[in-house]
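**Student:** One letter stands for each residue in the lines below.
Protein chains: 2
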Amino acid sequence: MKARVHITLKNGVLDPQGKAVENALHGLGFGGVSDVRQGKFIEMKLKAGDAAAAKKEVEEMCRSLLANTVIENYAVEVID
Amino acid sequence: MKARVHITLKNGVLDPQGKAVENALHGLGFGGVSDVRQGKFIEMKLKAGDAAAAKKEVEEMCRSLLANTVIENYAVEVID
Chain A
952 MKARVHITLK
962 NGVLDPQGKA
972 VENALHGLGF
982 GGVSDVRQGK
992 FIEMKLKAGD
1002 AAAAKKEVEE
1012 MCRSLLANTV
1022 IENYAVEVID
Chain B
952 MKARVHITLK
962 NGVLDPQGKA
972 VENALHGLGF
982 GGVSDVRQGK
992 FIEMKLKAGD
1002 AAAAKKEVEE
1012 MCRSLLANTV
1022 IENYAVEVID
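These protein sequence lines are chains A and B, in that order.
Using the numbering used here, you'd call the opening residue of the first sequence number 952 and step up by one each time.
Using the numbering used here, you'd call the opening residue of the second sequence number 952 and step up by one each time.
A few of these clues could be false.
Claimed, not checked - Interface residues of chain B toward chain A, partial, derived using beta-carbon atoms under 8 Å:
1. 975
2. 981
3. 983
4. 989
5. 992
6. 998
7. 999
8. 1012
9. 1016
Stated by the list, open to error - FRET-style restraints, in silico, Cβ to Cβ:
10. 998(B) x 1001(A): 38 to 46 Å
11. 1000(B) x 1002(A): 36 to 44 Å
12. 1026(B) x 1024(A): 34 to 42 Å
13. 1003(B) x 1019(A): 35 to 43 Å
Hints were generated in silico from the structure; no laboratory data involved.
Treat the numbers as computed from the prediction; the structure is a model and nothing was measured.
For glycine and all other residues, C-beta sits at the position ideal for the given N, C-alpha and C.
Using the sequences provided together with the hints, build the complete structure.
**Tutor:** The structure is reproduced here in structure tokens:
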């Protein structure tokens, strides 16, 4: 079973990395770009009985290690 | 118009960051996890006429700045 996790900064949290990317894109001539936000994307394989159990386990991983829930949101997707 | 970009390491490219996450998850008792790969996830707003033009522009950004195409793949999704 595979899982995909998106970890993004919460709205209102400053994203200096995204801002740096935005400025670099402007410098390269992509003037129409705004609100660039950079997050993390994690893929993993899991030994889990069913999709519901897998999702629960990955959410637990997010809370305990992968995401800083004070400033970050996480979204878990389980595939096949 | 909004775009979402996933930047992932190509197959066969070592991912020490993913490996570190995997080891940490094992240490926390999540023994069933394997093949952890960490990538980047970028969201942005665009001023573009239509979805096809937006996608083309973002792919150009990936090639020129966002992704290192020697070791990374990129996938672009344009929303509304």
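**Student:** Take the hints in turn and mark each one as holding or not.
**Tutor:** Hint-by-hint comparison with the structure:
The closest approach between the C-beta of residue 975(B) and any C-beta of chain A is roughly 6 Å, which is under the 8 Å cut-off, so the hint is satisfied. For residue 981(B), the shortest C-beta to C-beta distance to chain A is roughly 6 Å, which falls under 8 Å, so the interface hint holds. Taken as an interface hint, residue 983(B) checks out: its beta carbon lies about 4 Å from the nearest beta carbon of chain A, inside 8 Å. A cut of 8 Å between beta carbons decides the hint on residue 989(B): the least distance to chain A is about 5 Å, and the hint holds.
Proximity of residue 992(B) to chain A holds as hinted, the smallest CB-CB distance being about 4 Å (cut-off 8 Å). Residue-level restraint check for residue 998(B) holds (minimum Cβ-Cβ distance to chain A is 4 Å; threshold 8 Å). The beta carbon of residue 999(B) comes within 6 Å of a beta carbon in chain A, closer than 8 Å, and the hint placing it at the interface holds. Residue-level restraint check for residue 1012(B) holds (minimum Cβ-Cβ distance to chain A is 6 Å; threshold 8 Å).
Annotation: interface hint on residue 1016(B) holds; nearest CB of chain A at approximately 6 Å, less than 8 Å. Against the hinted window of 38 to 46 Å, the Cβ-Cβ separation of residue 998(B) and residue 1001(A) comes to about 44 Å, which satisfies the hint. Here the CB-CB span from residue 1000(B) to residue 1002(A) is close to 40 Å, well matched to the stated 36 to 44 Å. Against the hinted window of 34 to 42 Å, the Cβ-Cβ separation of residue 1026(B) and residue 1024(A) comes to about 21 Å, which falls outside the hint.
A C-beta distance of roughly 37 Å is found between residue 1003(B) and residue 1019(A), which places it inside the suggested range of 35 to 43 Å.
The structure shown violates just one earlier hint, number 12.
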